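S.K.: Residues per chain, in single letters:
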Amino acid sequence: MSEIASMLTDPLMQRALLAALLVGAAAPVVGTYLVQRRLALLGDGIGHVALTGVALGWLVGSAMGLVPNDVLAIPGAVVAAVVGSVLIEVVRRRGRTSGDLALAIMFYGGIAGGVLIITVAGGSSGSLMAYLFGSISTVTTTDLILTVVLCLVILAVGVGLRPALFSVSHDEEFAVSSGLPVWALNMAVAVLAALTVTVAMRVVGLLLVSALMIVPVAIGQLVTHSFRRTMGVGSVVGVVVCVTGLSISYWYPLSPGALIVVLAIGVYAVVAGLHPLLARRRPAGDPHPDIPDDVQVAPRAPADADCTP
Amino acid sequence: MTAPAIDVRDLHVHLGASHVLRGVDLRVDHGEVVALLGANGSGKSTLVRTVVGVLEPTRGEVDLLGHRLGDDVPWQRVGYVPQRVSAAAGVPSTAAEVVASGLLHGRRLALPRGWRRLAREALEQVGLADRADHATGQLSGGQQQRVLIARALVRKPELLVLDEPVAGVDRPSQEAFAATMARLVDDGLTVLVVLHELGELAGLISRAVVLRHGQVVHDGAPPRPHAEHGSREHEHVHPHTSEVPVVGAHDVGLSDGPLLTGEQEARP
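Quick note, the sequences are listed as chains A and B, same order.
For any residue, its number in our numbering is found by taking its place in the first sequence, counting from 1, and adding 24.
Residue 187 in our numbering sits at position 207 of the second sequence, and the numbers go up by one each step.
Each hint can be trusted.
Cβ-Cβ distance ranges computed for the label pairs, FRET-style:
hint : chain 1 : residue 1 : chain 2 : residue 2 : range
1    : B       : Ala19     : A       : Ala136    : 47 to 57 Å
2    : A       : Val321    : B       : Ala(-3)   : 47 to 57 Å
3    : A       : Val321    : B       : Arg151    : 12 to 22 Å
4    : A       : Tyr276    : B       : Arg93     : 48 to 58 Å
5    : B       : Lys136    : A       : Ile28     : 49 to 59 Å
6    : A       : Arg62     : B       : Gly121    : 16 to 26 Å
Derived contacts from chain B toward chain A, CB cut-off under 7 Å, selection only:
hint : residue
7    : Val32
8    : Gly33
9    : Val34
10   : Gly70
11   : Val71
12   : Ser73
13   : Thr74
14   : Glu77
15   : Leu84
16   : Leu89
17   : Leu91
18   : Ala115
Honestly, the hints are just simulated from the structure, not real lab data.
Only a predicted model underlies this, so the values are computations on that prediction, with no experimental measurement involved.
In this text, a Cβ means the ideal position worked out from N, Cα and C, and glycines have one as well.
Modelling step: build the complete structure from the supplied sequences, incorporating the hints.
M.R.: Written out as structure tokens, the structure reads:
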């Protein structure tokens, strides 16, 4: 008990827990829209692009002689992620066939560009490790303020505009025919995804960002039929695994980012395993009670009675 | 004099390299029920998708309820039922959630108060009130189609545009749909509906427009069904092939031709 108290009074841990809590709540909200649009891997693509942003921020920081030289890394990641995400959305709208390739090229370009630029900036690819795999234990107060603000924006837009974002993600053609500002709503989802990637970068790292957005949603849709509740369950699962994973890493020398993702996948495996048992509990009623029972099925004739010419 | 509900003038639409609509004129007045007929690929869906603003015209003009296509159109007075979309979207959603998305339009991005009641009422109109909380993806094809119709009806439109609303829907559901439509048309609803066959809706159609190769080739009275096929009493029952091929019972002047089996005979 006193160990929990000491964890909660550690200012470093307080900052980290607050960041994990908010990111855990926000990431699945955006992830729900991405899964709905069948863009579950978009977060990965944006993460790769954000790496170039991190390196560019580093480069600019070094050139300006800022101390520490990675102070612009997160703003750089925000800018690169938003630009990349908007570009992907534009490509997606232009032609659906080339979108897949454009996405792939962006993935590779993002990683390669990041590694090249970081060496130009005087770092090594090792300097990027903290961003690739997360570094929640080094969250500074400035980082925390940025994270809190961005998470609140993501939650406000993602939950507040849910009906409209659902409509656009569910059936874009119908949304257009309703006169909804479809272009702006699509851009909103793209920017939300970019912001989520950059805030989650500190918690689980760019390589695992997508997991935090997608796996809780996968758990949510196992247990409910409704879009709204899938989002709610996803968000709760996100908070629970982030806070639990981070707390465990306080006592054991484990990477919190990897631990959070493994926990989420573990929860998914357990729920998926229990799912058939839970589903069978429901009464097996006639799925179409409104269809009249007007067809009488004759008893089967003995097997040797048919097939004879 | 009020403007027509739909006024299309000299409409040309290109999809990629193909010139799908080649100078279509279409006028639908308030209270009319117009059927849009034509073979696959004749441009029916392209026409209705352009009318509701999904596709951009390359030339020509489209006025909806007296407003040029764009932000000025009072979208809350227009309901659109697209051809059935794949219901297997990534995240499950209930029928009520899908129907409620029909309550958003133009700059209204939030659901109004009492959206659950409105969604349930719309589902009631298509006979699915008890399915409001079911996952849309788990409903049968015909039921999903009715959910999409409810989504268009939930905003109580005065103009309804439907793209093959009864394709793949069984006879009783078609009858129920026709009854719902009859009630709405009585209340003054204007309808433009793409159909493959008039079917149960035949009695409601006031005018038929036939497209062929992207042009209007017929605009007037709906086509009459072939011979006795249209009558209520006609049963579309075809005898099975009997063991020995026989000459068709109602020989249609083909006695010199090959022997007709029962199945072939049924097609004149």
